[in-house]
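So you can see what is in the structure, the chains are spelled out below.
There are 2 protein chains.
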Amino acid sequence: MNADPRRLARVLGHGFEREELLERALTHRSAGPLNNERLEFLGDALIGFLMAEVLLERFPQADEGALSRMRASLVNRESLAELARGMQLGDYLRLGAGELRTGGQGRDSILADALEAVLGAVFLDAGFAATRTLVLRLFAPRLEQTIAIQAAKDPKTRLQEWLQSRKRPLPEYLVLDIGGDQHAQTFTVSCLLPDADVRTQGEGSSRRRAEQAAAQAMLERIEDV
Amino acid sequence: MNADPRRLARVLGHGFEREELLERALTHRSAGPLNNERLEFLGDALIGFLMAEVLLERFPQADEGALSRMRASLVNRESLAELARGMQLGDYLRLGAGELRTGGQGRDSILADALEAVLGAVFLDAGFAATRTLVLRLFAPRLEQTIAIQAAKDPKTRLQEWLQSRKRPLPEYLVLDIGGDQHAQTFTVSCLLPDADVRTQGEGSSRRRAEQAAAQAMLERIEDV
Numbered sequence: 005m006n007a008d009p010r011r012l013a014r015v016l017g018h019g020f021e022r023e024e025l026l027e028r029a030l031t032h033r034s035a036g037p038l039n040n041e042r043l044e045f046l047g048d049a050l051i052g053f054l055m056a057e058v059l060l061e062r063f064p065q066a067d068e069g070a071l072s073r074m075r076a077s078l079v080n081r082e083s084l085a086e087l088a089r090g091m092q093l094g095d096y097l098r099l100g101a102g103e104l105r106t107g108g109q110g111r112d113s114i115l116a117d118a119l120e121a122v123l124g125a126v127f128l129d130a131g132f133a134a135t136r137t138l139v140l141r142l143f144a145p146r147l148e149q150t151i152a153i154q155a156a157k158d159p160k161t162r163l164q165e166w167l168q169s170r171k172r173p174l175p176e177y178l179v180l181d182i183g184g185d186q187h188a189q190t191f192t193v194s195c196l197l198p199d200a201d202v203r204t205q206g207e208g209s210s211r212r213r214a215e216q217a218a219a220q221a222m223l224e225r226i227e228d229v
Numbered sequence: 005m006n007a008d009p010r011r012l013a014r015v016l017g018h019g020f021e022r023e024e025l026l027e028r029a030l031t032h033r034s035a036g037p038l039n040n041e042r043l044e045f046l047g048d049a050l051i052g053f054l055m056a057e058v059l060l061e062r063f064p065q066a067d068e069g070a071l072s073r074m075r076a077s078l079v080n081r082e083s084l085a086e087l088a089r090g091m092q093l094g095d096y097l098r099l100g101a102g103e104l105r106t107g108g109q110g111r112d113s114i115l116a117d118a119l120e121a122v123l124g125a126v127f128l129d130a131g132f133a134a135t136r137t138l139v140l141r142l143f144a145p146r147l148e149q150t151i152a153i154q155a156a157k158d159p160k161t162r163l164q165e166w167l168q169s170r171k172r173p174l175p176e177y178l179v180l181d182i183g184g185d186q187h188a189q190t191f192t193v194s195c196l197l198p199d200a201d202v203r204t205q206g207e208g209s210s211r212r213r214a215e216q217a218a219a220q221a222m223l224e225r226i227e228d229v
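From first to last, the protein sequence lines are chains B and V.
End of the first sequence = 229 in our numbering, gap-free, step of one.
End of the second sequence = 229 in our numbering, gap-free, step of one.
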């Protein structure tokens with residue numbers, strides 16, 4: 005016996021006006037012709053768009069390639085199935101006898117498709133703004149993880165990735181000056197983009213730190229809208 | 005010299021609050037690092053979602069596969085480039101010297117990407133509802149064409165395609181009765197889905213018409229939300 009879809013609605017934080025949409029979203033094609041495939045088509049496109057929007061906002065420096073890669077790592081069969089498991093979505097699914105027997109309610113593909121369908125159903129029921137809020141809340145932990153991974157990369161690495169993704173030559177770092185006492189030296193390093201003749205400088209208590217500062221200055225110079 | 009982007013805004017029917025977004029959308033990557041690639045990423049996802057939504061609504065019987073195929077025929081490099089040409093988008097583009105020399109402003113890929121970027125820019129400038137209205141207006145003629153093509157297919161063809169897309173066996177038509185006078189005969193035909201044991205009937209003044217009526221009845225029986 006399936007769990008009551010209204011409990012799922014509470015977990016989602018969205019009470020459906022049209023409960024039949026939620027029921028449809030929870031019906032796998034193995035259970036009959038009135039199933040969730042059309043809603044899945046809508047939900048898939050909706051999630052893709054909302055993630056594009058939020059990544060664009062959160063990563064003002066990332067280029068199209070990096071945004072695409074981040075979206076693919078945020079939204080895929082495994083990540084959607086994991087989110088679905090977090091809300092016990094499998095307990096609410098309607099499956100045909102064959103799928104039930106072989107454990108379809110625990111299968112990644114079925115769970116991922118059903119979650120897409122549920123979000124498609126929320127959109128049809130409540131419109132864009134409400135669905136956007138729900139989707140962003142749902143994906144927030146994964147998004148924060150992605151942001152943390154990006155932030156953990158040091159400026160030299162990020163600059164290098166940014167240039168490589170554009171098939172541009174690597175930056176050149178040059179020590180311009182070493183000042184201060186022997187035990188409190190200050191390094192001044194320049195960072196040069198050889199194909200653009202753009203230069204920045206950085207200072208630090210070691211050559212490595214000065215290079216990172218120069219790379220950070222370069223990243224800020226080339227920052228995208 | 006490029007045409008004034010504000011003229012393009014008038015053609016679009018959207019005056020930009022943030023004109024720099026439109027300028028960015030019109031800047032090809034050959035013109036520099038502050039180009040339209042990020043906006044194109046957003047616009048591409050946005051159009052994909054809006055077309056999913058409108059097709060779902062306009063084709064209540066189409067399954068996921070049919071919706072996908074219709075979207076691919078509505079939104080692709082050629083169709084986007086054609087829409088872009090309709091608004092003389094090429095006249096507003098900022099291209100690098102090399103692209104200008106080789107006629108980049110007339111190239112399908114550059115025009116299609118720029119249109120996606122412009123629609124992404126409208127979304128950032130004005131939000132979902134305004135962009136949705138604009139995109140649906142822009143695609144309306146192509147959408148009506150798609151609808152006309154679908155409607156022109158007779159019920160037997162549509163039923164056959166629907167079944168084939170689900171890898172199901174073809175329907176069987178059987179003449180049940182021929183009544184009426186010799187010059188005003190009425191045929192009664194049944195349509196059977198052999199794998200589901202579902203039957204409908206149709207009548208008509210010829211065998212072919214009766215079969216079409218029976219197929220139409222079957223389409224209505226299996227109609228999706």
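Do not rely on the hints blindly, as some may be mistaken.
Since the list can't tell identical chains apart, any single copy or any two copies may satisfy a pair.
[Said to hold, decoys possible] Derived lysine to aspartate or glutamate pairs resembling DMTMM-like cross-links, with alpha carbons at most 20 Å apart:
(1) 171 x 103
(2) 157 x 129
(3) 157 x 176
(4) 160 x 24
(5) 171 x 41
(6) 160 x 199
(7) 160 x 201
(8) 160 x 23
(9) 160 x 41
Derived from the structure by calculation, the hints contain no laboratory data.
Status of each hint after checking the structure:
no.	hint	verdict
1	171 x 103	between (47 Å within a copy, 18 Å between copies)
2	157 x 129	neither (41 Å within a copy, 31 Å between copies)
3	157 x 176	within (19 Å within a copy, 64 Å between copies)
4	160 x 24	neither (53 Å within a copy, 30 Å between copies)
5	171 x 41	between (40 Å within a copy, 15 Å between copies)
6	160 x 199	within (17 Å within a copy, 63 Å between copies)
7	160 x 201	within (18 Å within a copy, 67 Å between copies)
8	160 x 23	neither (52 Å within a copy, 33 Å between copies)
9	160 x 41	neither (45 Å within a copy, 23 Å between copies)
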